[in-house]
Structure formats: C-alpha cells, structure tokens
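Protein sequence lines correspond, in order, to chains A and B.
Throughout the first sequence, residue numbering follows my numbering, covering 5 to 886 in sequence.
Throughout the second sequence, residue numbering follows my numbering, covering 5 to 886 in sequence.
Hints in this document: simulated from the structure, not taken from any laboratory.
Since we're looking at a predicted model, the values are computed, not measured.
Each statement offered as a hint is correct.
Identical copies carry no separate label here, and so any pair may be met within one copy or between two of them.
With a straight-line Cα cutoff of 20 Å, these simulated EDC-like cross-link-like pairs (lysine to aspartate or glutamate) come out:
no.	residue 1	residue 2
1	K721	E813
2	K721	D802
3	K637	E668
4	K803	E689
Number of protein chains: 2
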Amino acid sequence: MSERYVYSLKDGDSSNRLLLGGKGANLCKMAQSGLPVPAGFVITTEVCRKYMQDPKIMDAIWDDVKKYVAILEKETGKGFNDGKNPLLVSVRSGAPISMPGMMETILNLGLNDETVKGLAESSGNKRFAFDSYRRFIQMFSSVVDEVDFDLFEKALARARAESGITDAKEDYKIPAESLEKLLVEYKAIYKNATGNDFPSDPWVQLRRAIEAVFKSWNIPRAVTYRKINKIDDNLGTAVNVIAMIFGNLGDDCGTGVCFTRNPSTGENKLYGEFLMNAQGEDVVAGIRTPMPIAELEKKMPDNYKRLCELTKLLENTYQDMQDIEFTIERGKLFLLQTRAGKRTASAAVKVAVDMVNEGLIDIKTAVTRVSPDQVEMLLHRQVDKSAKQDVITKGLPASPGAGAGMLVFSADEAEEWARAGKPTILARPETSPDDIHGLFASQGVVTSRGGMTSHAAVVARGMGKPAVCGCEEAAIDVDKETLVVGDRVFKKGDWVTVDGTTGQLLAGEAKMVDATFTDDFKKILDWADENATQMVWANADTPEDAKRAREFGAKGIGLCRTEHMFMGVDRLPVMQKLVVALGGDSAKEARADALAKLKVMQKEDFLGIFKAMEGLPVIIRLLDPPLHEFLPKEPNILEALKTASPEEAKVLNQTLEKVHQLHENNPMLGFRGCRLGMIYPEIYEMQMNAIFEAVAELTKAGISVKPEVMIPLVGTKPEMKFFREMADRIAAEVKKSTGVEFSYLVGTMIEVPRAALVADQLAEYAQFFSCGTNDLTQTTLGYSRDDAENKFLFQYIDKGVFKENPFAELDRDGPGQLVKMAVEKGRSVNPKLSVGICGEHGGNPASIAFCHSVNLNYVSCSPFRVPVARIAAAHAALGVLK
Amino acid sequence: MSERYVYSLKDGDSSNRLLLGGKGANLCKMAQSGLPVPAGFVITTEVCRKYMQDPKIMDAIWDDVKKYVAILEKETGKGFNDGKNPLLVSVRSGAPISMPGMMETILNLGLNDETVKGLAESSGNKRFAFDSYRRFIQMFSSVVDEVDFDLFEKALARARAESGITDAKEDYKIPAESLEKLLVEYKAIYKNATGNDFPSDPWVQLRRAIEAVFKSWNIPRAVTYRKINKIDDNLGTAVNVIAMIFGNLGDDCGTGVCFTRNPSTGENKLYGEFLMNAQGEDVVAGIRTPMPIAELEKKMPDNYKRLCELTKLLENTYQDMQDIEFTIERGKLFLLQTRAGKRTASAAVKVAVDMVNEGLIDIKTAVTRVSPDQVEMLLHRQVDKSAKQDVITKGLPASPGAGAGMLVFSADEAEEWARAGKPTILARPETSPDDIHGLFASQGVVTSRGGMTSHAAVVARGMGKPAVCGCEEAAIDVDKETLVVGDRVFKKGDWVTVDGTTGQLLAGEAKMVDATFTDDFKKILDWADENATQMVWANADTPEDAKRAREFGAKGIGLCRTEHMFMGVDRLPVMQKLVVALGGDSAKEARADALAKLKVMQKEDFLGIFKAMEGLPVIIRLLDPPLHEFLPKEPNILEALKTASPEEAKVLNQTLEKVHQLHENNPMLGFRGCRLGMIYPEIYEMQMNAIFEAVAELTKAGISVKPEVMIPLVGTKPEMKFFREMADRIAAEVKKSTGVEFSYLVGTMIEVPRAALVADQLAEYAQFFSCGTNDLTQTTLGYSRDDAENKFLFQYIDKGVFKENPFAELDRDGPGQLVKMAVEKGRSVNPKLSVGICGEHGGNPASIAFCHSVNLNYVSCSPFRVPVARIAAAHAALGVLK
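With the sequences and hints as input, model every part of the structure.
Here it is as structure tokens:
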C-alpha cells in the first residue's frame, strides 16, 4: 500500500498507470515533458478501491486535496471560491485501462452565485459566465444527485424559445439575461428534486464530485463495458482535478479531438474534428456538427502547426497512434488528454505494418497491436457491391463492415431479441453510454445525429460493429418505433442492412460477400505464425472446406467428420440400409452389400480431402453420432406407411423397429462414438479400409499424404487397444494388397472425463490426442448444451456463476483441468505425444491462450476462424493473451 | 523365480500355498505332521504359469518328475509300470485358492494291459483291477483327449444290461469277465475317436495327464468360477501326483467326505457321507446314495474314532472348519485332502462365533470369516410358513433360502433369461461343473439326483443360491423341457419356488417373509462395527425406512431424498400447481399458495424422519429431479383434454405448455438439481424453512436432531456460496422467530466431474461432501445408465472392456479417481471435512473397500444392504477386502 493518495501532474510517476490511471499518467508525462497541459492533480485509484470498501477514506485524504488545491491556486494565480478571480476545475475519471465515456465527468466546478460574478468580470464575458454556471448546475445535479437531466433540457428549451431561437446549435445566441433567469429556474429544479439548496460551497462541490466519480466506477454501463472488454472490476478509477481551460470564451477559442492517424483507415495523417467557441462536451455530444481538423489550419495556422508537432511528438513518445483532446483558450493551445486511439480493425493492421516500416516498432509489437477481435472483424462479410441495393438513406461511414437485422429502437430490446436468436439493427437518434449493451447485442447501429467521433461511432468501431451515423434525412422516433425517410416508413421488426463501409442504410437483407485479405493483413498473420508456438489447424469435412482452411493459413486438418459424408441424397439410403441390417445373422448379406457401397463412396471422400491437404496432416474421425440420426423420424415413417405398398411397408416396418430399438433417453451419453465400433466393428473396418486404400492410391501417384485415424469417445484402455490393433491390421492388409508403403497415426479424442483420467493408459496405444472440448464440457459440467443454454445457463452467466459461456470459452477450472491432465498423463507415457483441441474452443482466443499454457501442439477450429486463431496463438506466445 | 519345480509331500513348504496350491500345501503339512496321507509329490504353480507361455517347460521338469516317481516307488514299495506290483497314482489339480470341482483329475494312472494283471494279482481281485482300468481309460480319454464321455457310458450301460443289472448303483455286481470285454470296447472307442491306440506307457500317461491338468486352468467353467469369485487368472494350479489308495477293494474298504462341523447349520459335530467299497468319485457323482458319516461308527468303530480325532486335530491346526476326503483301504484310514470347508452363510456365522467362544480364534478373525456375500444371503427372504403352500415334491435341503422363478432346463438359458431380466429356477437331473454360469444366473436350483455333497449342493451353498437336491420323485427331462411329478407336468416358463431351507419345491411364486437376525449374526455385525473405520449410513426417504435402517445398524441417514415426498396422491397435485406457476410474475399468488401448502407437508415429513433418527445425523437432499417428472405425460394430457370442461381445459393447456417448455433432449444433463434452486430459489427456501422449523420444534421438545442440508448437483463455487448463504440466512430467521438455538451443516453432493475438480473451492462453503457415484459414473464415463446397459455395456463387460459393471462396482480408474480427488482437494481446505458416498456403490463390498482406501468417513446404502456394508467396512479395515 502506498501512503500517498494525491499527486500533482508535476510529480506523479507517469509509468504507474495502475495507480494514476491512464489519463492521469499521460497528463503527468506531458506536464513533466514541458508540453502545454493545464495545471492539476490526480487522486489515485487506491483511494477509489478504498472508497468502495468504506467512504470514510474521504476524510483521510481531504487535507491532501486541500494542499493540492492550494498548489493549483498558486500555479494558476486564481483562487478557489475567490469572488474576484475564481479557480474553476474539471473533475474527471481516469481508469488504468481506457473506458471512453463510461464514467462521469464534471466541468466548471467552483461556480456559485458569488464566483460567477468574478468569472464574468475576469473573463469580461457575462454570457460565458452564466452559461458556464448553467452547464455546471445541470451536470452536477444529474451526475451527483441524479436529478433528471431532461428537466433542465426542457427549461433550456423554454429559454431558447423565449429568445426566438429554434435550433440547439444556436444556443450560443441565448442572451445573458435569459441565462441569468434560467439559473434561478435551474436552482429551483434542483431544490424541488432533492429538497436541498444547490450546494454553493466549492469545497462541498469538489468533495461530492470526487465521490460521484468514484461511484461511477460501478454504474451499469461501466460494469457492462468492463464485462465486454474483460477488464478487472477491482482496478478502480483515479480522479483528475484539472484547472478549467475554456474553449468557449469567444472566437479566439475552440476545442477538438484528434487522432495522429486516421482511425478508420489507418492513413498516416492527422485526423479529427473541432468546434470554435465551444466546450469539449459539445464536440462529443453531437449537437453541433464539428469541422474537420484540416479546417483549423485556415482558422488558426500557428495553432494547427503546433498541434501537428505536438501530436507527432506524442505518437513517437508512446509508439502508438494517439487520441488527443485539445482546447484553445484565447489563442493558446492546451492538450487536455492523450491516449492510445481506438481504431478499426483495418486501421489497426495498417498502422501496425506502417509503424514497422517506419522503424517505430518491431514485428512482435506489431503483432500484439492487432487483436483477435479485430482479425475477426476483418473477416466480416461486406455488402456485395455488384448486387442491386435499395438505399434508404446515407450517413457517415462511422464503423466499417456490414450487418443485417430487424429494426429495434431500444438497447434493451436489442439484447432481448439477441437472446431469442433474432438479429437486430439498433436505431437511435444518438446513442449514449447507457446503450452499450444494445450495441453489443445488435448486428449494427444507425443514428440520425452525431459525427465520426460521436459516441455511437467510437463504441461501434471499438466493437467492430458496423455503424452509420448522422443520417440527417432519417427521423428516428423511439416512442413510435419508426424510422422515416421521406415517405418510406420502417417499423420495428423490418429488415434493414447497415453498410458501415459506405455509410449507407439499405432496405431488407442485402446480399453479402466474403471479406478480402489485404497484403498488410496477410503480413500481420504471417508475422503471427512466426511468433506462435502452437499451430493452427482447421475442422473441415469436405475438400472445399479443406481448401478454404488452407487458404486461411491452416497447417493441417484437426477434425474431418465422416458422418456428414453419409448425409448426401445418394448416400443416406445406403446408410439407412446398413443401420437397419446391423446386428444378428439374418441380414448379413444386406449389411455386406451396404458396407461395400459405402466404402467406395468414403474412399472418394478421402481422396478429395487428402489431395486438397497435400503434404499436411489430416485427422479423420471415424463415425461418431448415434445411429438413429441416420434414420427417418417416427412420424415420417408412420405417415409413409399409410400409402406404402406391401413391399415398401416391410422395409418401413423394419426401419420403425430399428428406430424403437435405437431410441435413447440421453443420446448424448448413449450408443455412439467408438461404442458403435466395438459392437459393430464392420463399420470402422470399412472406414479404415477406405482411408488406407485412398492413402495407398495417392502415395502411389506421388502425392504426399499424412493420414491420422481418430477414434471418437474412447474412455478405456481396452477400447483404444482394440482399435489401434484394428487399424494396424487393416493398414498391413492394404499395404500387402497394394504393395504400397505408407505411414499413418492412430489416436483418440479426449471427450469424456474418464479419457483424461486414464490418459496415461490410452497413450500406450494412442499416438495423438485431440481434446473434444464441446463434449468434454458437457460431461464435465453435466450440462446438455441444447438443454442448458436457454433453461439456465444464460441466467447462470447473468448471475456470475460463470464469467463466460463455458461452451464459448473453455472453462479452465472444469474441462480445462482435464485437458491439462490429459496432456501431462499422456506425455508421461509418450513424451512426444501430439495433443490438440478440436472443439469450438479451438477458435476462441482466451481458450487458445489456455491451450498454449498447457503446451498443446495445435488448435483446430472452423476454417473461417483460422486467422483469428493464428493471431491469438501469437498473442498467447507473446504473453499478451493469458 | 524359484529353481525347484517339484516337491515331495515330505519336504514341501506347507505355508506356501501360492507355490504348492492349497491341496498340496495341506498334504505337505499333514505328511510332515505324521498324519496318514498317501505318499506323493507336488508340481508347482510356477510350472503351470510357464506352461501357459510355453509348453516346452515340460521337458525341463521331466527329470525331476522321474526322480520323484522313483522316490514314490521307494516309499510305496511298488513300481511304476511294474507288471507285478504296479504303482498307480492320482493326478489332481490344486490351486492356491480352492476351486472345488472346476479343474480336472485323473485317477488310477499307471494301468495298461500288463500292469492291470499285476494289480489283479497284488490285490487278489481281478474284478477290481479291471474296473480300475475301465475307470482310468474313461477318465483319461475324456479329460486328456476330449473323447465323448457318453460313448463310454453307453458301452457301460450295455455291459450292465448284458449282466442283467438294471441300476447303475449296482455296477459293482458286473462280473470281471464282462469288464474285461468292456475294456476292449473302451480301447476301441478311444482309437475310433482319436485315431491312435490308447497310450500304454505310464510315463506317457503321466506326462499327458499333468499337461491336461495345467490346461484345465483355462477351461470355461474354471474361468467363469474365477470371474464370479474374483480370483486372479494368473495364479495357475499345482499338480498333485499321489499314490492311489483304494476304497473299492472290498468290504473292508470305503471312501468319504466329511466336514468338521455341519456346513449347513454350523453345528459343532462331524458331518459327512461315505460309501463302502467305492472310489471317491462315486461319492461326489451321486450315482450311489452315500450313508451319513455317523453310520461309519457302526461299520468301523476304530476308524470312525480315529477319523474324529484326526479331523478335530486338523481343525485345531488350521483354526477353521475343514472339509476332508478320506479313504479306507483294507481297514487302514488315509486322509486324501483337507481344506477350509465351504459353508452356508448361517453356518459361517455360527462357526465364527462358536470358535471365538471356544477360544480357537479371536474376534478380528471371526469377522473375516463371514463374507459380505454371506451376510447378503442371510438377508435373503424365506418362504412364509404361515401362508398356504402348493408343494410339488420334496428333496434334500441342500442350500438354504428361497427363490422363485420360471423353470428352465439348461444353464445357457438361465443366463440368457437373466440378461433379459427374467428370474429363473434351473432344473437338472444333476448338475456338472459346466452348469456353473447357469446356477449363478438363476434364483435357485432343483435336481432329481445327488446328495448333500453333490455338485449342485456344494456350488449352490457357496453361492448362496437356494437348492433342493435329489428330488427322486421328480422326472426332469431336459430334452422335453418338463419336470413331471405324478400327473403334474411343469413346463419351461412355469413359475416355481425352491425352498432350500426345508427342501421343498413349490408351485408358483410363494409368499416370502424377511429374514430374521440371530443373536450370533448380530454379534458378528457388532464385532464388525468395532473393527471398521468407516461408518455405515443408510439412504432412507421415509420414517419407516429410517427406522429399518437404524434396526439394521445404520449410524445415520446419508441420503434422504425429498422429491419422493411430493409424489403422494395428496401432494402431487399441489406440486404440479407449483411447477406450472413457476417463472414470471403473473402466477405469483398461485406459486406462493402452492409453496405454503408444500411447506406444511414437508415439515411433517422431516419431523418424522428426525424423530426416527434421534441423536443421529440425517442428510436431507433438496429437490433434485427435473421438474417435468412431476407433470403428467403429454399423451395423458391430450387424452384428458378431450373430455375437459373449459375450466379444466385451461389448466390442462397451461400444463401442456409447461411440459413443452420443460422438455429436454438429455434430461440427465439438464435443468435439475441445484440449477432449479438457482433459477427458482423459492423452492429451496421453502424446503430449508421446513427443515429448520422441524429442527426447532423437536429441539424445543428435547429431542436431539442432527440435520445436514445437502445441495444436489453443485458444480461451481458460486452455486455453493449461494446456497450456503441461503441456508445460514434462513436458519438465522428460524432461530430468531422460534427463539430456539440449534446447529446444522450445509454440504453438497459430488456428482459431476467438475465438482471433484473444484472440490477445494467448494470446501470453502461446504461442510460435508457426499459422493453421488451413480451420476458421477454416468458423467465421467459418458454413459447414460438407462441407455448403456442393454445397448452396449453388457457386451463391453463380456468383451472385458470393464471387469465389472461400473454401475455396480465403482470404477476406480474413472469416478474413483474423482472421488479421491474430491477428498484430497476438499480436505486441503477443510481438514475436518466429512466425506461419504451415497450412490448404489455404497452397498457394494469392493466399492466400500475403495472408499476405505481413500479415507471416506462413511458409506450410505439402502437399509437392506446396511449389514453387508458393515461387514465389508470391517473387512476393508482389516485388510482382507481391497
């Protein structure tokens, strides 16, 4: 525990973001480097953590706060609660990890009926002083005392109307006298709502504002944001108390936000927006439409030049693209904040590759700059430009990519519909931080107000959700739940498509095409492979999937399921004949006939996949699902029986009998996997023959094949021994009959807990393990995935029983422990045992990090997720993903 | 590896049963103690083990065999292959653990056309010599060369008929001349069957006989016997080569079998049977009906006295009841074998207690003398003497207890029907060792021939199967599959009851009553408790069951299921109302109403059980099964809808909707256990209130109550925390409202693998664990019990994938490892954590031994199995059950 709770920007340790927060640490760095930042001080995150336990910590730090306010008075030459030349401050949150807009801020603190006069005098601008006071009351009341913000907005609207002004953009025209009257009304609203007078003592204001910022660490939107972004709930926020700089003192003033590179494209050029004669909140709120940063060059060339120099300096200092807030007060430029800028996925890729080329960062760093989530976004499909499009309206291309869904008008509804499996597009006039869960749940967002740095735009880019912002033509009415453009009316539930790449909103579900890989993207992925220790393989059942997987960078097939091969229209009838003929002696001939036909088909399948994966390993899993999955359902058979000929009826009745025979109460735990192969060895023998004959044929043709035969659902050593011996026997027979030599491996899935518990025994016969974590999760937790999710699992996640859905992210304490055990026990017998994972977790970054930590050789995922897994594997190896 | 393969009875180490086999070791002991045993030598079990690998070992031992034959010649004064005074030997198996009748024996070896003349001369009895030769050819041919035994029997029958003899019992009247002719025929049968002459060289005979005995270690009936009795397949058998003693030389000869105490009742009195002028096989085969041993006193008073002395000496030496074979040759008594006698369960109890009283053994030894299987037999039900009985016929009460089933006439059929779940009674004229699997599978056995020491009687007693033997009135025809007594004909499939206690065969399924506990039995069980380290608790859901469990010696209730309490006719409708009203706000009132009613009922239930178990712990498990189990099935609802009033239809439709809502694909892995309690906390709150209110009420009334609340299906720490806090809160409320102080525990079941994996986390909140090994077996193996057994599990057991059904005997490598892990991890956090088991394995002796090895505090089983578990727990603690 440190003993010091407050640091001046001049003496805070800028490397200690955990203690000072990101904003505080960066302000310290800038201040101590002589950059133009306002004076101020930081109250540490430690105070926040203590405050959560016991608010009395405020007493303990109060002397320190007073001391640093006194220093601030000295530095600014102004006085706190000074009726002549009052010191005003901003009180702002600042967490160790940036959570833009999620917590509270209070500006213009220090104003009361006395100091407002002093501010009017010292600024020579009565209107400015009253407006600042008005803003302060409104912000303080809603943030600190939860007075309804709209009550103030309505009063403001009345004042606006009385002054003959129709547009909020022209609020700066409301005369001082009206504002003075409005202040009386504002204070009455406060008193009416809280029962108390508005606090006039700046010290009381300051203390309550600090507490409000601490408390805002736990407001719902902040908690949601942390949950989505996996930020530790125990970090807490620092509080920055900074002398106010005013961008709204007149036409020699302004305020803005800029990025050192373009956050949408990554282009290496200053990017941003500013407003003349405004406070920072005006830029973000989206009420007035800001000007592009390049315009500043015309308005204030010196300041523009200075801004360019300073921002480049900051980028070089932090070796990353920066997001910077600035304010110009009476011609003097101040930097209010710098932080790593949020960027689109394609910008992340371009910036990373450019910075390597510029010599600013090394390759390892570049790889860590592109997150698995961003790679996923780059794989998002785009609207097919060649198809016909029904454009409803156009706005700003605020976040690229395309998403289609049904219109909803509230964040809660977006979440509900998502739970029910319905894709949505969230439409709002503008979004606020309270809408974050709805943005997360929807396929895209459209707003009628706000620019490229508006809330919706920033958050959507961060999440990789397509967004079209500022569609000014569109009237979005959240009460009527309509989006109207001209005479076109779209209602809740109507399908629309958001094309965030072009900024278009389209009617209906637009045709989409796959994403394309830029050279920069390919380069990042290749760099990722160079830095990973785990390989990425893919799950693919067809030659087409195998080819795609290979194009996406898969280094092998970790799971080729053979059951899908029996589902084709020409094959299913043969498979059904086999299933009906299984068991007993009477149907021996029918069985042999069906098996012979299936073998020919299977061999063709394997030839295709082996060819597509020439030179790379292919793991083929033998038949896994319960046999009843191949038979028609009982009602269908009964229906067919009604019109069947006597001959047909005979077959149908046999089938029906088999359906009854194969019925199970818990098919998940039933007669499937290698249990089929033990009871009906002829099926696995047929599959092995087909595999090895295909291998021999290709080997003879000079094609390199690396077959691995995988036995599903093994739980005991006798099973593994039986199938290893079966494979060795059949391989020897095929070698003999074809005269071709080839090599192969035989292994098993680890998908029931017992397999992990006896992995040492299995490793005596298995040459590789593939952890089937879908089933392993079901059996280890005792959750049937189909049944659990809607019946209790989603509620379990809400209640915090699980932080993540264990079917999406591997549950490390449960199946994770068993995977670890399987690796350790298996390698204790066979140190070279190859172990991989082929459940859906194989494409999940956190799970990939876990796989890295237990030394798996590879992860196998769907072809589409291969690039995500490649970057995740690299991040795991580089230690940035744990 | 020892270097010596053969030992004389005079120098073998009688303590080394593993090397010399039980028979050999005991013969050595007797010989070396100066008791009258024939001369002989033993070939070790090691030779057998080597022989299984490579029969060439016979070459290596042959010189030794020759050497010991030479010694034998010296000792007996006879010569092997000596035409004048030939040495004949018996070649008999002898395993380390007694397997009576399971392996092969060859008598009279050494005879050929020359030596038979010498035997005739030296014995002065031509008829005897020819008869011995006949027996030898028959036995050797069938055992060594697998010549059909019946071919010889038919030839014998012809000879009998030609001699005018009608009954096999009078075979001794067949004249020498006929036998001489028969010998020619016998040799022709051999040649015809094998293509070779019958071997005349005694050395060839000896070598082939020894090999045949070794091979008989692996004949099917021996393998089956070892499987049933869990004897290690790798032990092998010794071979005893012993000089023949003849009980069939004339009226001063005889042979018999006796037990030092009565093997049926345990009475301390010599018990047995003998035949004058006969060979041992005649007693066992049951062709001639032997005389009770007491008759020997009249026939040969001196030998009878000597026999009494010698047998008592042997019992004292071995400190256990002995089963002794003897032969009297020309007035001289020889002991041919002694071994611990197989006995009925009640005899085992009486002998053990008597021997403690006699000072022969100590209490610990007495406890080990009664096996868990025997305790189980003592709990078998008996025919109700007070009910009317339809007696078909009467035989010997060969093995006590009663069993009812459908008549079958072959061992294979008995096994098949048992697999299909059909109880059977096996009826045979007489049984042979090849019928052992049928005896094991049936509920009892009835034979028309054979005495109290016949094969059927001995084996049935060993297995605790009721048997009625020697029902001479009954004609059992295995070809026609009928059992006929007078004009009553019983066919295959007809129900009969075997009353082995009285020796009656009854028609139909007789009414049965529970077993009664003798004082000796109670004493043994009390001694068992004194020597056990694990307690035995019981699973009981009602006050009646709890009382019975307590009477049977349970020291607590390890599992009181609450769901059965909702199944009563007055309760189910209330429970159904609750289930339909769960979830949503609209049915709040209906829910509260149903819960209030259920609470009153539950409290009554708990009052009853707590009272019955006063002073002992009672673990109450909260609601566990999926809710749909309480609702009617869909077809029933649809049926009811057809005739429902509009009011009824409304309720039925609501119910139907709920049935659909609650439907699951894999209910075993679904919405049940504490998952219900998390989503609908009101159910568990109601149950906890009912428990604690009952506790308070009884505590106030001065009744000692030890309640333990058990949460089912917990898999995560947040679940355990939630319910521990819920219980503590409700207990505090009840204490406050009633003003009564009481204590209680809160714990969980370990029944999904994850619970074991995170047992350390659970132990932070759980005060006890109860391993629910039924479900744990299902999830760890991935086997749905309902689906697995008939679909593949029985076949898996046949194929040796599992040695035992893992649902009957805990699979140590699978769920066993998880139980061990739960204990270790749980106690690492809470060293005093109580851990028990409440699956069906809690009543299975081998599983109890495992539980002992991992330091469980208690096992809990059905009340009926409590005595079995008590003895098993003691055996585990005493190290005789592992």
